[in-house]
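If you want the building blocks of each chain, they are given just below.
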Amino acid sequence: MFSTLKKPQNIGIIAILLLAVVMAPSVTSYPHGASGVQDSGCACHGSQADGVTPVLDGLPNELTPSMTYTLNISFTGGPSGEDPNAAALGGFHLWVSEGSLSPIDGDDKVKINPDGSATHNGIDGEDVGTGNDQTSWQVEWTAPAEGGAKFTLHVNSVNGDGIASDLDDWNRLNAEVGPQPVEQASGLTVFASSILLMITIVGGCVVWVFYRENPDSFSWDYFVPWLSDWLTTTDHKKVGTLYFLSGFFFLGVGGLFALIFRIQLATPGNDFLTQDEYNQFFTMHGTTMIFLAAMPMIAGFANWIVPLQIGAHDLALPRMNALAFWLNPAAALLIFTGIFSGQGADVGWTGYAPYIVSHTAHSGATLWVAGQILLVASSTIAGINFMTTFCTMRAPGMGWMQMPLFSWSILVATLMLFISIPAFGIGLIQVLLDRTIGTVFYEVAAGGDPLLWSHLFWYFGHPEVYVVVLPAFGVISEVLSTSARRTVFGYKSMVFALAGIGVLGFIVYGHHMFTSGMSPVLRFVTMLTTMLVAVPTGIKIFNWLQTMHGGSLVYRTHTLWALGFLVTFTLGGISGMYFPAVAMDLHLHETYFVVAHFHYVFVGGIIFGLYSGIYYWYPKATGRMLNEKLGVMHFMVGFISYNLVFWPMHRLGIQGMPRRQHTYFITTDQYFALPAEAADWNMMITIAAFFFAASNLILVYNIVVSALRGQKAPNDPWGGWSMEWLTTSPPPTPSHDPHNLPVLQFEEEHDDGDPGLFGRWIQWMMIAEDGGEEE
Amino acid sequence: MSYDSHHGDHHDHPSPFGPHDWSHGAPHNSWAPIMMAFGSSIFLLGFTKVFTQTWEGDAWSYAINSAQFGLLIAGLAIFTAGLYVFWRQDWSFDGIEFEPKSVGTPFRGIDIRKVAIWMFLMSEMMVFSSLFSTYLRYRTGIDNCEALHAAGTLTDGTVCWLPASYFIAEGGWHQETAHAALKFMPDTLIPGAINTFALIVSSYTIVLALKTAKDRSLSDSERNRKVGKYLLTTLLLATLFLIFKLVEWFVGFELGDHDHPLFYSPSLLADGFTIHASDYTYQVCNEWHDHHCAEGQLETYTIDIRMAASTFYVTTGTHGVHVFGGMVALVYMVIKAYRGGYTPDNAVSIEYFGLYWHFVDLVWVLVFPAFYLY
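First to last, the sequence lines map onto chains Y and H. Position 429 (the first sequence) corresponds to 429 in our numbering; numbering is contiguous. Position 99 (the second sequence) corresponds to 99 in our numbering; numbering is contiguous.
No lab work stands behind these hints, which were simulated from the structure alone. This one's a predicted model, so the numbers in the text were calculated from it and none came from an experiment. Among the hints, a few may not be true.
Claimed, not checked - Some chain Y residues near chain H, calculated using beta-carbon distances under 10 Å:
#: 1; residue: Thr233
#: 2; residue: Phe390
#: 3; residue: Pro658
Beta carbons are placed, not taken as given, at the ideal position from N, Cα and C, and that holds for glycine.
Same shape as in the complex, but just chain H (with noise of 0.2 Å):
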């Protein structure tokens, strides 16, 4: 087939849109590329102006504003469905799908697909050094809040440290007041805990589900019904997670009557932990008395806590970001699953999306001890 003459047999060509038969090799037009790179462009165009504008004045500038975020969103549209016509071609729909071998050493046999998925995670784990090394500088590189209290040099505007971990593992100012249903843990860690388990357990699933796609001695209409449900195990455990997440930070939970609740864990941004705590009111109680401050015990500064904050929310929004990506591609794979894209010769894309989930497990478990616990 000519790809060098546009005149005469251009309607030959697959689809750019459609499913393709990759099988003979040759290059295959897209139009996934262009939809993804300036739907990406489009949607940074907006964000860029969404955050910093007011909402403000006439309704010209009410239809500015809006048209900025009608960019984002449009840009956010176009990617989506850049990404749709990407993942529609790579669907042949009829079970046998197009697996391309390495052909030189020291990789010979192995699929090219599984090498570009170690490429990859070896730049994630860039991503994330550098997003710990900035951690890193500034943990050590600020002083604590509480050690700066202990050592009696606390005083009102100081621009110190105070952890998540102070709000989330100690439980902050509710540590002493909150009436917690477990005592030997503040509840304000729970959410974080369940979080935890819940990304271990989805990487366990991740693997049954490869390990039961791989197995030849189910019938295909179990295999994808069973494929199908560990799949969707896997993204419903993504889900919780981000889900939780996000009420950590903007909701919180309370549980029983509102003055002795069974389970209190209020979120952080009620907290005052935002990215703009410029003047957070840090509070120290010398001696409890009754879960109520004794008398002239209470201590108030007014401190700048935003570095922890940016801190943790970046650190822990770009795994949320991945868990989120990993939950879109999971979507694509439940489908797939039901109508029977998977079968024991043509498993690896849950291999190679398992590989990706295990690095996002990896990097909780980095990401919880160090803004959670410490």
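Looking at chain Y on its own, in the form it has when it is part of the complex (with noise of 0.2 Å):
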């Protein structure tokens, strides 16, 4: 199939053919049309011809904003000057893109067309006087309160037989009145653009890691089989890799969405993006970051990780792992469908009821529910596949409590994502059916209850935040006590904390509802559960904290992201502190304290947390060093812009600046007051936004640079004691023996020959094949 691109002729071919795709758009937007006049509401006839001189009078040299102007339209040359007496002399067709036209008052000789231009009225064959009769008309134009114009001009001059034919001649004037602006792409174009980027990017990388794997006996031959060894693999190293790959790709993407209304929100009353094209953005950069970005990179990291550090060969079910991996882009290739055709899902993240049922919200918002069912189907099967794997597969000597902290994250993480998202299933199925066959879960007037949709969506969505921060806490807890060279401060502790948060999880919910009209026992119960959270929480953070003081702290770069993780993590823990207490939660809901909130937690918790993880395993997973230098240029850069990005928010929050709305503006309403410092504060979050988005470019460089020319790593570069250190950089396959499994060897030997009361009923319950009734 890729034999025919070894041709250069047909890459040629190719490429024009995309390069056309691509332009084709693009230019039926100029008023003249791609493919002539007529695509400019232009009916001229005959043919383009120089001798015809269209002319345009009036236009004055300083215009003046909102002004009357008459101009004057003729023409000279054609056909049409010989005979007086002709059916018709000629017409004419005048586009302007700002301002407006109107014809002289009495005068039925123009008409204004339904699109705003002007052009003659009235087709004459008699000869009785009207539009088609002249060779020069008079139509005013207002002009319009700030900015200039381009005008547009045709003229047909016609030889008077009355017949359109190729004996008539036209030509064409542009001209220009007033400051031009500057020209302007749409948000849509400029996000089409850089994904087409990056899509060429990430192709010529795919081609270009694959020549450099080994580039002495390279062959176009080898491609295929090499592309689809990975297409089907069911390695977990290599599946985690491609969950790392989709991770980042749709970080980025998610990040540019941030960018691109960054540049919008930067300024007071901007319109950079339309209202529309806004709404779609922030529900694509929500949705895209956490079920497209995080998820994905702590499936990338449970996948490379879980199965070295307790000591299996794969997971237990590979075939399944793969499936969970393949469903993540096949439901992103729904998501994002709807964006493509200008018709995005518009819903937020949330995607509440009634909106999301009703006609007003875009028609991509039922594909945007139907890649959410196949995520919810990818979290289910990975699931399953990571909670048996826990269960089945740690090694000889492993019992529960001698599992590494971030093996027992995942494992709390897996349990509750598995335990609530099919809630969040069974909402979305309710979603696209009120959406396609026209049930009524959600329809109002039917007597559907939007609160349902919440409570079935946020008792998934509070779980969901913890799914993705206990593995940051997992890497961090892993991180920490080996950069301190101890183990960490209290592991059980740590554990029962990890599963705290899992049960308290999912009594809280209720904090995300408060100004919903739920009832308010249930507001107060979600409040009190809600402020519990914070003692497992900061059990862990003490936890941290004492092994640290205990240990003798080495700084590396993944030891500064950890500590970094702490700062800005427990900030965003105290600023969640202000939502349990309703009051409270009633003043500030819905503005930006609480997306700074939410980024403190989101990206100074998980995403530092896998950052740290990144620089903490890389070295095992690709036998290379990364540089260090780089790293703590990364950390610096990274962590000052993040801070500089997020911490504003708070104070833009309190002074009452709404999220989820295409703009603000600086007033001095009584009710809607934000100051003007508020443009200024704005201003340099989105300056700072690029800045954090620059630094993580310096980790995709650092992290394609140190696979190429890195140090090459030790098999256990941090002094590391958990399984995954037991193995080569970068592990073999199998990643540990099948037969031969390593055994943990503990202080307190653990006997695994007993499986305790728990294991014993568990054997009673599912009647081991070996032995047991079975003859």
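Assembly of the complex is requested from the two constituent chains, each provided in isolation within its own frame, with the hints serving as guidance.
Structure follows, in structure tokens:
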């Protein structure tokens, strides 16, 4: 299939076709059209001739805003001049980009088209002196309130036989008046071009990686087997790498969304994005970041590290694992389909009913829901796989309480995810059916209850935030204990804190619905339970601090990110404590304070934790060390710019800047007052956001360059003692020898021969295949 | 064998389509995951449009609409092909299958796949819990039409709950007029009752299949035949279940003379119990006279019962989809059984399917009273 690409001329043809496809839509947007004058609304006939000279008089040199000017349109030359008694002499079509055209009072020779352009009135075959019988016309133009305008004038010189024929001639004149705006691309075009660029770069990277694997015996013949090996792989390490590639790609896409709407929000009253585009962009930003960036990256870590860490040769269900991964890009396909048709989901990542089932929601919302259903399937399959792996494939000697904390965090996160996500899935199926076959689950007119959607969504949605943050906790526990060169302080309390968060996470979701009209009793209950979450989280924070206190800290890049995590996550946790208090929540609800809070925990907690994990495990995965200088630079730029982006949002939120709104105004209005400083803060946030985005490019550069020229990594570069460091770097396949699994040797020897009370109960329930009552 | 280098030995890899020897534990390549993932994606892409488009207009819009339908079919086809690859790889055709065992406590020695199926059932529990939450929310939150009528507050255009059991257990408007073959019960409940017994019996036959497969006293050919027979019975009972359900929804039963039928059970569709029933005609007769409503005693209301219908069809439909999924698996298992795939040492997949099948059965035992009787 790729053999056709070997011929250079074929590549050339494909490139030209691609270019044509890219160019075609933009060309039609010029007023004179891609295929000549017909597209611009001018029904000019005959051929374009230089002999016809259009004249547009009456345009001022200095434009006065909103003033009305009388424009004289005429032409000379062409076939019309010779017969004064001809049936028709000519016509015109005047298009203007700004301001409005109108006929002079009492003038029936000019009419205004529905699109605002002006043309002659009437087709005159009888020579009675109407618009078609002229070579000059007058029209009034009211200038816009600010800025200049562009004019495009077409005139048609007609030979007078009353028939539109090839004997007629026409010509075009372009004119400008006043200050011209800087050419602006629409946000959608910028986004689509960026995606196209990213796909091109990724495609290039794939080919380049293929080449780099074995430059000496490079041959295209091996490309298809190599690629199909990646597409069909079920090895947990390769699937983990695929998860990372997908996660990084969508982290970039979600970041682009954020940068584009940060441009929109940089100044008050901006219109870089339309309101419609803004709604789609913030919806897709949230969806992409949580479901297509954070979750795949966590799954990437889980895939790579868990089997290595618990001493398994692979995951329990390798093909199911590959299926769970491939559902992600398949779902992304659906989720993004709407965006490219200009009808992307505009429902917010929460997709609140009843808007999501209404006809005013974009049609892309249907596909957004369909895509989310596939992501639910993916998470469920991954959950089954990981839970089974934890239950059955821990190495001999590794009891539950000997499992490393990262594995524990993935275990708790997976359990939470896979108990909560079916509720979301069922809600999505209901919405999908509402939007397609016409069921009425959230149709208020038929008795549907929007609160039910909120319940189903947040029953999943709140555990979900712990699902993404717990793995980061696990990474930090590993990193800090290795960096402090001691075991983590209070291992058992760490495990119980994880489990405690796992339980509490299910009974706090009501705090997302304080303003929704939920029962006041439930509000009170969830207020208390939400505050309780601070207890296990606080235990973890203090255990980490105590780990460092009793240890001797080594400041590698992953340690820096872990320390950064401690700062930002604690700040995010403290700002989170404002929300369980119902009265405070009612005040801060739907403001930038909320945005500040959850970005402090999502970015400062999860992304920082994952970055720490990348620096920590990269040598294990690739066999190369990451460049430490670039790593420190990444941390310094990233940490500072990150805080510059999100810290001022607290202030903006308290000042009353609402989230999810297209723009804001600096006003002295009593109820919607935003002080003038808000504009400055927003501008600063936008600038810092670009720095933060740029800091991530340092990481990408570091990953690529170190993969090529990095120092060779030893098996255990940091002195870690969990089982992944037993293997070579990169680990072999299968990861541990299935016939000779590692055995955990512990100070307090765990008697794994005795399954314990719970274990005996399980074995009684499940009737072991060997022995038992089966003869 | 080397997986890391693409040069040289890639022809020695086991085919990503074909059967594998799983016993050495190395990862195996498979086209199944990517086919199943993108198949379902393409299916949903078609699905979202098929129901919302209008079948009107010129040839071009017909072509576009057909293309949407084509997407749906293509998606299903790709998914099915992926599933085929998945099973083809699993099935070694020599009766010896590799069954990985758990090494960690507390599940040591137990098949890994058995733990996985229990995990799967745990998430399935949540699926049906969510559906039942929806049901409970609306059942308790929306006034019952019959209760409103009894209280005298039912008016035209009221949004109220007319449960499926009104049509099924009580016979709806037909309860008085039908010439019931069985006097103690309206005919409309019969298909549901048969279905319930069909599912319960099929849970028994799947256990018989497992028991037979593990029976060492039988000769191989006899065992294959008997296991196949029991699995086929299970499959037929499941098919009966789905057919009866679809007949009950869309077709209806009628036996004997039309005016005096022996058995009369109109479909829910014919009775107007649909998700679009925003103007359902609800009739109440205060006094019956010889199978006809007495003069002036008939009350007619136009009411909105869409929510009851949505809940009913989606909950029982989700259960039906689970039955259908089981049928697809059973087709594979029947073929495998007749070709000697199940031996006393290798009958575990019947057991795992049985776990799922019992679960589906159990869900029906909850769905049936909640939607058909109450």
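### Message
Let me make sure I understand: some of the numbered hints might not hold for this structure. Which ones are they, in numerical order?
### Response
3
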